[in-house]
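Assemble chain B onto chain A, guided by the hints.
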Amino acid sequence: MSPMHHLLAAFVALALSLAPPDEGASAVRVEGVSWQRLADGRPALLVRFDVKPEWHMYWTNPGDSGAPPTAKADLPAGWRLGEPIWPRPRVQETDGETLFVHEGKWGWLVPVEGPTPRALPDFAIELKLRWMVCRLNCSVGSAQVRVPVAVGEPSPPPAEVGGASFPVAPSVDDRVCVEGDALRIDCAARGKMSGRFVQATDPGVSIGERNPLPAAVAEGRAKLDAPLALKPQDALGKPLAVSGLLLLGDRPGDPCIWFRREVAQSSPARPVAP
Amino acid sequence: MKQNRLISMFAVGVLALGAVSLAAQADGTSKKKGDAAQKAKDSKGHTAIEVGAKVPDFTATDASGKQVKFSEYAGKTVVLEWINPDCPVCRKVSESGLVKKMIADAKAIDPGVVFLMVNSTASMASEPKKSTDYLSSHGVQPNATLIDGDGKVGRMFGAKTTPHLFVVDSKGTLVYSGAIDDSADRGETAGKTNYVINALTQLKAGQSVSPGSTKAYGCSVKYAKGS
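Residue numbers (this note's numbering), protein chains in the order written: chain A, 1 to 274; chain B, 1 to 227.
Honestly, the hints are just simulated from the structure, not real lab data.
The C-beta atom is built at its ideal place from N, Cα and C for all residues, glycine as well.
Wrong hints could be hidden among the right ones.
Below 30 angstroms or equal to it, Euclidean Cα-Cα: the simulated DSSO-like pairs (lysine-lysine) are [what the hints assert, rightly or not]: (1) B/107 / A/231; (2) A/128 / B/192; (3) A/231 / B/192; (4) B/69 / B/204; (5) B/215 / A/238; (6) B/101 / A/128; (7) B/76 / A/231; (8) B/171 / B/54; (9) B/92 / A/72; (10) A/105 / B/92; (11) B/225 / A/238; (12) B/69 / B/54; (13) B/92 / A/128; (14) A/72 / B/192; (15) B/204 / B/192; (16) B/101 / B/130; (17) B/100 / A/72; (18) A/238 / B/54; (19) A/52 / B/225; (20) B/101 / A/238; (21) B/171 / A/231.
Computed from the model, here is a short list of chain B residues facing chain A with C-beta under 10 angstroms [to be verified]: (22) 71; (23) 74; (24) 89; (25) 143; (26) 160; (27) 182; (28) 209; (29) 211; (30) 215; (31) 218; (32) 220.
Excised from the complex, chain A in its bound form:
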């Protein structure tokens, strides 16, 4: 390579380094993806994100704006990616807007479902991730990660990543049900003195304009009794259901309980026109 080529290469490198960057483009880094075994036996991919300070990504229900990350993969017949498992979000309420966000280092579990419940893929997976990340302005980002075949038996996922706890299912001591058109929660408070319910995105079902809803915590129990607004015509042809997280306590590592309960439908939803 001639000295002129060296000079040109150096000039290009300098020009690139001086070009104003899209700050959002570098606000999220995928730290790694690893195989885990969920409590129900399904294998899952734990995606570890690292979000720059002051930036945030979004929970499954982002709140008033935003959009949650998505995962896609081209899998052989009989395999699919399951519904992701989301860690506890932070509830951000500013300027009349409520958002449910993930910040800093956080983990996202994406089940991989095969022909049998415990089946582990014997093929590598090209995981395609997309996300929206915001500070004052927003950016969309993506990454493609090649996940090799699991070596050995995957371990259970950690209870938390970056301090944000993964949810647990209701225990035998917890009561979560839909009675008529009301959501009724009566759960063990697990030593915490506060609680609130954050609804996920449930087409056709709403707990009203206020999300999250506070729960009353007394005598070791967190209770909530919330009427549901039902609009079967908005359910996109799916069964009506209410889902979300009961956040106990106020810290990111405090327990949270995830549940989904179907709502009895009195009239069938009309299918959407093609």
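What follows is chain B alone, placed relative to chain A:
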């Protein structure tokens, strides 16, 4: 003496009312059945039009500075889309041709359908050309581009994201509010169902619109502070 007594009684009354209110909140029970069916309010108390309600007339300024009255479009189906050229999600749905195709498909169903693009970004109120240039660069030709710098129109409709779509039928009733389509990757690829086209198809067939609302995705509308 009498005045002091009255003041004391008033103070006791206020305290009692406050205690009752606190007690009601503390039990965490949303007792009013109508709570879930109240008018849509954001956390600042703005009351937005709900799906199924009539859209009141309003006046807005278009990008050329002309006053536009919503009632000018009486008797026509109107589609409103909230935009922000600085929002990457908004840009994605425009760059992919999704909005241009939506307008073309909509006019094939209803040649008289009106498209209004609305920019409620406070900081862009003084740069209307930014909105029109953004739209024309993507082949999007609405009937009007409304510059809503004070956020009045946005707040009235309850626009929360860019993009956020609303469909008003020819009788002036809001029949749809939400996302542009059911794209699972937020506009990277077109979804299977465009909810605006779905609404127009159903209106033409004399059916009620279903779904009437979906969750809009995108950047927050950058309203003026305190609006």
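A quick look at each hint next to the structure:
no. : hint          : in the structure
1   : B/107 / A/231 : holds, 29 angstroms
2   : A/128 / B/192 : holds, 20 angstroms
3   : A/231 / B/192 : holds, 22 angstroms
4   : B/69 / B/204  : holds, 25 angstroms
5   : B/215 / A/238 : holds, 15 angstroms
6   : B/101 / A/128 : holds, 27 angstroms
7   : B/76 / A/231  : holds, 26 angstroms
8   : B/171 / B/54  : holds, 8 angstroms
9   : B/92 / A/72   : holds, 19 angstroms
10  : A/105 / B/92  : holds, 27 angstroms
11  : B/225 / A/238 : violated, 39 angstroms
12  : B/69 / B/54   : holds, 15 angstroms
13  : B/92 / A/128  : holds, 18 angstroms
14  : A/72 / B/192  : holds, 16 angstroms
15  : B/204 / B/192 : holds, 20 angstroms
16  : B/101 / B/130 : holds, 22 angstroms
17  : B/100 / A/72  : holds, 27 angstroms
18  : A/238 / B/54  : holds, 28 angstroms
19  : A/52 / B/225  : holds, 26 angstroms
20  : B/101 / A/238 : holds, 28 angstroms
21  : B/171 / A/231 : holds, 22 angstroms
22  : 71            : violated, 28 angstroms
23  : 74            : violated, 26 angstroms
24  : 89            : holds, 7 angstroms
25  : 143           : violated, 24 angstroms
26  : 160           : holds, 5 angstroms
27  : 182           : holds, 7 angstroms
28  : 209           : holds, 8 angstroms
29  : 211           : holds, 4 angstroms
30  : 215           : holds, 5 angstroms
31  : 218           : holds, 7 angstroms
32  : 220           : holds, 4 angstroms
Hint compliance for this structure: hints 11, 22, 23, 25 are not met, and every other hint is.
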